[in-house]
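Colleague: Sequence:
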Amino acid sequence: MTSTGKPVVSSENPAAPADYRLLLPEGWFRILLEPDRRDRSVDALVERQFHGIDNAPHLKEELRADLRRRAAKAHRSGGIELYLSLQEVGPFTVPASLLVSLAPLRHAEPLPAESLARAFAEDAGEAGAGEAPEITVEELAAGTAVRVRRLSRQPGENGPDGGPDGDHVSVSVEYHLPVPGTTAFLLLTFSTPLEPIADAMAGLFDAIAGSLTWRE
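Taking the numbering used here, I'd label the letters of the sequence shown as residues 1 to 216.
Since the hints were made in silico from the structure, they are not lab data. For each residue, glycine too, the CB sits at the ideal point set by N, CA and C. A few of these clues could be false.
The following label-pair restraints were derived from C-beta to C-beta distances [to be verified]:
#1 GLY143 <-> GLY52: 42 to 48 Å
#2 ARG40 <-> GLY203: 30 to 36 Å
#3 GLY203 <-> ASP66: 27 to 33 Å
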């Protein structure tokens, strides 16, 4: 699947790209986050998921409402587009997502990736508690990026016996990529709750990030 983004930034600098291009595996669905296009994208995904199912209108509307809330929240935080994995392995759907966001920075000059990586490392050291994120500087086809891999633990809900069901661990991989000719960063945020196969999923995320190219 090839995805072309919307215009990244408005800039008079001819070095600034007009948009970007990503390659994703088959089975990923794109939700456009602009308010005038969001509902159509969500509706298309819901209809796809419930194709041929006519006896679950309540579940269908629950999914529609949840996706609309999620898309609106992503847009408020600078999201450009959201991808959801619908890939199937046997009877199971592989849960994963990618949020593409634009992060303008208040700097007169572009911030080097190495400086951003140091700032992330300092923030992680000050936070102290929990597992430290893995922070590296990577060379991609689209430029030098900061990669941040995190494990996030969330308390589990009560199990069938009323007792705690254990913590849930999600894995996220972020790529912070400077947008040429600007002081902004394009942020790719991948996440999955499949902690047991975290390395395999991170490898997939790395391949998607490595496919990003800028378009004039």
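Colleague: Enumerate the violated hints, using their earlier numbering and listing them in ascending order.
Modeller: No hint contradicted; all consistent.
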